[in-house]
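Here are the chains, one letter per residue:
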Amino acid sequence: MSGKTPFDNAPELPSRRRLALAFASLPLLGIPALSRAAAPATSAINTTGLAITDTEVTVGQLHSATGTMAISETGSIQSERLAIEQINAMGGILGRKIKIVQEDGASDWPTFAEKARKLLVSDKVATVFGCWTSASRKAVLPVFEKENGLLYYPTFYEGLEQSKNVFYTGQEATQQILSSLDWLSREQKARSFYLIGSDYIWPRTSNKIARKHIENVLKGEVVGEEYYPLGHTQFGSLINKIKLKKPDVVFAVVVGGSNVSFYKQLKAAGVTSGKQKLLTISVTEDELLGIGGENAEGFWSCMKYFQSLDNANNKKFVEAFKAKYGANAVVGDVTQAAYLGPWLWKMAVEKAGSFDVDKVVAASAGLEFKEAPEGYVKIDPNHHLWSKTRIAQIRKDGQFDVIFETPELIKPDPFPKGYQ
Amino acid sequence: MESFSDLGAILLMQGFNGLSVFSVLLLMALGLAIIFGQMGVINMAHGEFLAVGAYCTYLCSELVQQYAPGLMPAYFFVAIAFAFAVTFSLGWLVEWLMIRHLYRRPLDTLLATWGLSLVLQQTLRTLFGPREVSPTLPDWLMGSWQPLDGVDIPINGLFVMSISILLTGGLLLALYRSTWGLHVRATVQNRAMSGAVGIDTKRVDRVTFSLGCGIAGIAGAAFTTIGSTGPTSGSLYIVDTFLTVVFGGAASLFGTIASAFVIAQTQSISEFFMTGSMAKVLTLSAIVIILMLRPQGLFSIKVRK
Numbered sequence: 027m028s029g030k031t032p033f034d035n036a037p038e039l040p041s042r043r044r045l046a047l048a049f050a051s052l053p054l055l056g057i058p059a060l061s062r063a064a065a066p067a068t069s070a071i072n073t074t075g076l077a078i079t080d081t082e083v084t085v086g087q088l089h090s091a092t093g094t095m096a097i098s099e100t101g102s103i104q105s106e107r108l109a110i111e112q113i114n115a116m117g118g119i120l121g122r123k124i125k126i127v128q129e130d131g132a133s134d135w136p137t138f139a140e141k142a143r144k145l146l147v148s149d150k151v152a153t154v155f156g157c158w159t160s161a162s163r164k165a166v167l168p169v170f171e172k173e174n175g176l177l178y179y180p181t182f183y184e185g186l187e188q189s190k191n192v193f194y195t196g197q198e199a200t201q202q203i204l205s206s207l208d209w210l211s212r213e214q215k216a217r218s219f220y221l222i223g224s225d226y227i228w229p230r231t232s233n234k235i236a237r238k239h240i241e242n243v244l245k246g247e248v249v250g251e252e253y254y255p256l257g258h259t260q261f262g263s264l265i266n267k268i269k270l271k272k273p274d275v276v277f278a279v280v281v282g283g284s285n286v287s288f289y290k291q292l293k294a295a296g297v298t299s300g301k302q303k304l305l306t307i308s309v310t311e312d313e314l315l316g317i318g319g320e321n322a323e324g325f326w327s328c329m330k331y332f333q334s335l336d337n338a339n340n341k342k343f344v345e346a347f348k349a350k351y352g353a354n355a356v357v358g359d360v361t362q363a364a365y366l367g368p369w370l371w372k373m374a375v376e377k378a379g380s381f382d383v384d385k386v387v388a389a390s391a392g393l394e395f396k397e398a399p400e401g402y403v404k405i406d407p408n409h410h411l412w413s414k415t416r417i418a419q420i421r422k423d424g425q426f427d428v429i430f431e432t433p434e435l436i437k438p439d440p441f442p443k444g445y446q
Numbered sequence: 238m239e240s241f242s243d244l245g246a247i248l249l250m251q252g253f254n255g256l257s258v259f260s261v262l263l264l265m266a267l268g269l270a271i272i273f274g275q276m277g278v279i280n281m282a283h284g285e286f287l288a289v290g291a292y293c294t295y296l297c298s299e300l301v302q303q304y305a306p307g308l309m310p311a312y313f314f315v316a317i318a319f320a321f322a323v324t325f326s327l328g329w330l331v332e333w334l335m336i337r338h339l340y341r342r343p344l345d346t347l348l349a350t351w352g353l354s355l356v357l358q359q360t361l362r363t364l365f366g367p368r369e370v371s372p373t374l375p376d377w378l379m380g381s382w383q384p385l386d387g388v389d390i391p392i393n394g395l396f397v398m399s400i401s402i403l404l405t406g407g408l409l410l411a412l413y414r415s416t417w418g419l420h421v422r423a424t425v426q427n428r429a430m431s432g433a434v435g436i437d438t439k440r441v442d443r444v445t446f447s448l449g450c451g452i453a454g455i456a457g458a459a460f461t462t463i464g465s466t467g468p469t470s471g472s473l474y475i476v477d478t479f480l481t482v483v484f485g486g487a488a489s490l491f492g493t494i495a496s497a498f499v500i501a502q503t504q505s506i507s508e509f510f511m512t513g514s515m516a517k518v519l520t521l522s523a524i525v526i527i528l529m530l531r532p533q534g535l536f537s538i539k540v541r542k
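Protein chains in written order, with the working numbering: chain A, 27 to 446; chain B, 238 to 542.
These aren't lab readings, by the way, just hints derived from the structure by calculation.
From a predicted model like this one, the values you see are computed outputs, not experimental measurements.
Note that the Cβ used here is the ideal one computed from N, Cα and C, for glycine as well.
A few of these clues could be false.
[What the hints assert, rightly or not] From the structure, some residues in chain A lie toward chain B, with a derived Cβ separation under 10 Å: (1) P66; (2) S69; (3) A70; (4) G93; (5) E252; (6) H258; (7) F261; (8) V297; (9) G300.
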């Protein structure tokens, strides 16, 4: 990785272009009526005292740029900035350019809460794009609810949450898991499953949902379920247990640095895709950078988005992302979901004709976004997105071949009955 | 039903796994065993020296890949030497700037080296970025060796094991058969008297500390074959490392070896029969109980008082 920090690419217009814009707007100064027609008066679109001027609207960005989570959150920071830059290039929202105040949650949950309060109370931002782990989201949630802020949260997560003040642009667990298990059972004739995870809320909830679905719906069998501490690096005993129990499929929800050890050791122990089927819901293009495609080649990953998706929206998005962050940059599921945030907010604000949080929230339900890189998405009244789920096979070069995609969008169901 | 040969194969691989965990623990703890064990310096930055060694390997791998891809199969040995050189020099510098002023204040050393670990972490983050990296391994280090049908022995595990054996053997020889070793043991037992008979104790301290750091560097390089490296990887190692050294009995190298073996086997076997998190609980509780009964650790050097 280059030593470049995510801050190097602040979406500021080059000064020459800013000058040109200033000149271009000069003629408008003489005819205020005309310029007001293009951009509605601030008093009309901002009745709650947010940081909005006649030319600018301030938003917050709250991710970990330092600490252990920076590995994962960097992609989200980058794609949100890209989206905002593109929106600004199109003229902004309601005639106002977006200005970003970036805060660093530093992989520390109380810091997230403190920075969220700062963004909402001192900076009075119109919305926040941010958080990554469930722990950070849970930490900021009371702040957003108390101050009536707005948060766009990008990560696929365990569900069991729905707040008036949050939009979840990633998948909740049932969207991601159920259709992939169905596929395994239908196409791969899988009957026995070995569930593995890192030891915290997301893997445990995901595996709980998987187990219920396997046992109650698919009538299959779970031959093992176990968890390893975050950062665990010795998977030798586990691998031997897998060899002993010979499950049809290993269902893996291992995260972070453990991932790298897990797949390297699988490969070293001769457990390759030719001998053992494995499906993971925690490996994106970002993780593969660390794991190395050759160590996980042929295993399946299940997400709503892969960089290799073949559609016009995605080609444009990946091209723009690489143009901004370098040809070697990769785009994972969460990075794409983070990219949706600013666009969904823009559409909601324009539909509401206001930046007021209550009006934006009210306008969001049912919004459709046809230009999403993952394809068409729609906001459900429960603040989650309708989306397709895809299964892809890991390639040696660290990319994925999509081999299955649900025919229809899946309705988000953050409180699934029978799975809790 | 499992056939008998299948079970035998699993048993064999499980046995190897225990040895593999043992060699990882031993390698991790070896450097600290001489720094903490022989000198009594609580080096909280030990994990970061491991990480520095790992990053050196990553650097070598990137350079070789870019400028001399033909050397890929052999680069790992150069990388190990490079990692040793860098961490040894770093250790020398740290001893000179910081540690030597704190020999009589062990608790302050703890704080100072912890601060050092934070400084090193942020330096690594600034230099290499926050993402975890892993060097490209030469092909011969990947995959498994199959001595029997159905038995897969990971080659990277064998590699780590041989480095571990070589280093331990070398260190034992150096400590018990060389003049330096004689000086170190003399200094540990009675610093004032050693100085009086003409041993340059300051020099012994510096070499010992640097050597401990250098060994940590080699361990870090070896660990890139089994896991990834990030700026905070060091903090993952530090607990296991201290555990091994303290459990073994601080001043005894044999104690460290024995304790690494006991911890590794307990962990490996219990992981096989219960889930990962429970195995960790069991291992840690066992250590706590044994340390309550034997506060001096498994082995302790008998000193005439």
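To see whether the hints hold, each was checked on the structure:
Given hint, A:P66 at the interface with chain B, is violated; its Cβ is 41 Å from that chain's nearest Cβ, farther than 10 Å. Here the hint on A:S69 is broken, as its CB sits about 43 Å from the closest CB of chain B, past 10 Å. At its closest, the beta carbon of A:A70 sits 43 Å from a beta carbon of chain B; the interface hint therefore is violated under the 10 Å criterion. The interface hint given for A:G93 holds, since its Cβ lies 8 Å from the closest Cβ of chain B, which is under the 10 Å cut-off.
Hint status for A:E252 relative to chain B: holds, with the closest Cβ pair at about 4 Å, below 10 Å. Among the interface hints, the one on A:H258 holds; its C-beta lies about 7 Å from the nearest C-beta in chain B, closer than the 10 Å criterion. With a least beta-carbon distance of about 9 Å to chain B, the hint placing A:F261 at the interface is held under the 10 Å criterion. A least Cβ separation of about 8 Å between A:V297 and chain B falls short of the 10 Å threshold, and the interface hint therefore holds.
Residue-level restraint check for A:G300 is violated (minimum Cβ-Cβ distance to chain B is 13 Å; threshold 10 Å).
In summary, the numbered hints that this structure violates are 1, 2, 3 and 9.
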